[in-house]
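Undergrad: One-letter residues, chain by chain:
There are 2 protein chains.
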Amino acid sequence: MDQSEKLHGHAATGAGTRRSDAVATELVRMIEAGSLQEGERLPAERDLMQRYGVSRSAVREAIVSLANRGLVETRLGHRPIVRKPDYEIAVDKVGNLVGHLMVDRKGVWNLFETRIFMETALARWAAKHARRDDLEELRAALDANREAIGNSIIFDETDAAFHAVLYRIPGNPIYPAIHKAYVDWLTQHWRSMKRGAGIDQMNCAGHEAVFEAILARDPDNAEEAMRRHLVAAWEFVRSTFPSDS
Amino acid sequence: MDQSEKLHGHAATGAGTRRSDAVATELVRMIEAGSLQEGERLPAERDLMQRYGVSRSAVREAIVSLANRGLVETRLGHRPIVRKPDYEIAVDKVGNLVGHLMVDRKGVWNLFETRIFMETALARWAAKHARRDDLEELRAALDANREAIGNSIIFDETDAAFHAVLYRIPGNPIYPAIHKAYVDWLTQHWRSMKRGAGIDQMNCAGHEAVFEAILARDPDNAEEAMRRHLVAAWEFVRSTFPSDS
DNA sequence: TAATGGATTATGGTCGGACCATATGCTACG
DNA sequence: CGTAGCATATGGTCCGACCATAATCCATTA
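Chain order of the listed sequences is A and B. Letter by letter, the first sequence follows residues 1 to 245 in my numbering. Letter by letter, the second sequence follows residues 1001 to 1245 in my numbering.
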């Protein structure tokens, strides 16, 4: 009785028909409005259920919903902590959603193709707009990569780091987030691959070609070098798939 | 008693510590394995709670989690329906997560800048690789767009349709999904803008320039025409923001 | 006979109250 | 003074009930 009255009083706050949706919407509103700051703790479930006049189940489902969206972080025994997701977290969350889309080789290729598209364009951009310190950073990454030839683990890290510099150059925080997504998603598909230093050398040579073209301020060559590098890498990834047509 | 035994028996299936996570993981597994086909109905909550030996609360939270990921669709009084998310849905979901990042102009600019990046590259691609029927499609979209000058609603539709063709040309289903996301996210930020036919004419002229360059197989011009077109469009979007620096 | 409307059933949504598991802080004892 | 253990806070789980909505079935009736 008490509950239903209170809820009706608060009906304006909630959009959906479900109580939990109403609570979730209200909490999101408070987070976006700044009443709940980043890092702050959410009120306890038992508080919220009294405040909004709903049962704890409804409150819990609302919090689960927020947690799934990455807006709060839940730990057992702790009150949920407000988290404003940045681009990386958002992209990370979507990773859970698209796992199904990459089960077959076609899905992986679709994703890898966007990477080629993205990075050829990034190479072109860098050739056109990279500043001196960008080039320095790129050179340092390349040196580290060359140094790591033969050590698969380190090489992969420096490899990713080299590409990461390209994603950073435009200065848009979305690009590094995309890069992280590529690394997270795609690496699952060429793990457990034995390879000799020859492969490393080939990849490093690809990086060098890209870097030289960027240094020479030659967009066409930069793009083409990057494309060759990634297509070769794809051939390698592809060979790890069972049903090779 | 019965429950805890059953759960321990199933402990291997679940990864997380939470019961609901275990159930969610199991359901995802079944969906991915194909035991639950697209469009099929999930077992009733009361079934699942018996099958997995957990309470209904746990089952419900698991289902909420799946629903948030877009893997099932819930309606009151109906059993949840299995949905395998495609690229569009996946990209759409990430949209909900990054909504907070677009409240200020900087966030919107970051997004718009990626669009410029994407579409200049797409224009370049089209100039290089478009086939005859791609060009036909592009021409038809352009004609429709020209026809719609003056009618804001239709013009916006044909405008989006013209750009959509470019996203379709590479033949990767991810690109159209991204386009849809751009349209969904960005249109919220320039709605309720009164504008004269002059703006339409300017935009249409931009499309024509892009098309001509693609038709001429001139990647550099296509890219540059697209950039000019979108930068101009941004200036327009930007003017709708209050705190204009 | 066929249409219609109400009872029945299936199912998700909500509730409240209990207990458990984990974290934190306080207190009392060594 | 320090540490072990108890008290408290809080999330996690369970149960059993009831409500709200949808689909189904069946009997009444035109």
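Bear in mind the hints are in silico, worked out from the structure with no lab data behind them. Each hint should be verified, as a subset may be incorrect.
Derived pair list, reagent style SDA-like, types lysine to any residue, alpha-carbon separation capped at 25 Å [stated by the list, open to error]:
| no. | chain 1 | residue 1 | chain 2 | residue 2 |
| --- | --- | --- | --- | --- |
| 1 | A | Lys-93 | B | Met-1030 |
| 2 | A | Lys-93 | B | Arg-1131 |
| 3 | B | Lys-1106 | A | Gly-34 |
| 4 | A | Lys-106 | B | Lys-1106 |
| 5 | A | Lys-84 | A | Asp-47 |
| 6 | A | Lys-84 | B | Glu-1032 |
| 7 | A | Lys-84 | B | Pro-1173 |
| 8 | A | Lys-93 | B | Glu-1032 |
| 9 | A | Lys-84 | A | Arg-132 |
Undergrad: Now, for every hint given, state plainly whether the structure supports it.
TA: Hint check results:
1. Proposed proximity of Lys-93/A and Met-1030/B is supported: the alpha carbons are some 21 Å apart, at most 25 Å.
2. Between Lys-93/A and Arg-1131/B the alpha-carbon distance is near 37 Å, which puts this suggested pair outside the 25 Å criterion.
3. With a C-alpha separation of about 18 Å, the suggested pairing of Lys-1106/B with Gly-34/A holds against the 25 Å cut-off.
4. A hinted pair counts as satisfied when its Cα atoms are at most 25 Å apart, and Lys-106/A with Lys-1106/B does not qualify at roughly 36 Å.
5. For the suggested pair Lys-84/A and Asp-47/A, the alpha carbons sit about 22 Å apart, so the restraint of at most 25 Å is met.
6. Simply put, Lys-84/A and Glu-1032/B have alpha-carbon atoms about 31 Å apart, too far for the 25 Å limit, and the pair is violated.
7. Taken as a hint, the Lys-84/A and Pro-1173/B pair is broken in the structure, with Cα atoms around 30 Å apart against an allowance of 25 Å.
8. At roughly 18 Å between alpha-carbon atoms, Lys-93/A and Glu-1032/B fall within 25 Å of each other, so this suggested pair holds.
9. Pair hint Lys-84/A plus Arg-132/A does not hold up; C-alpha atoms about 34 Å apart against a cutoff of 25 Å.
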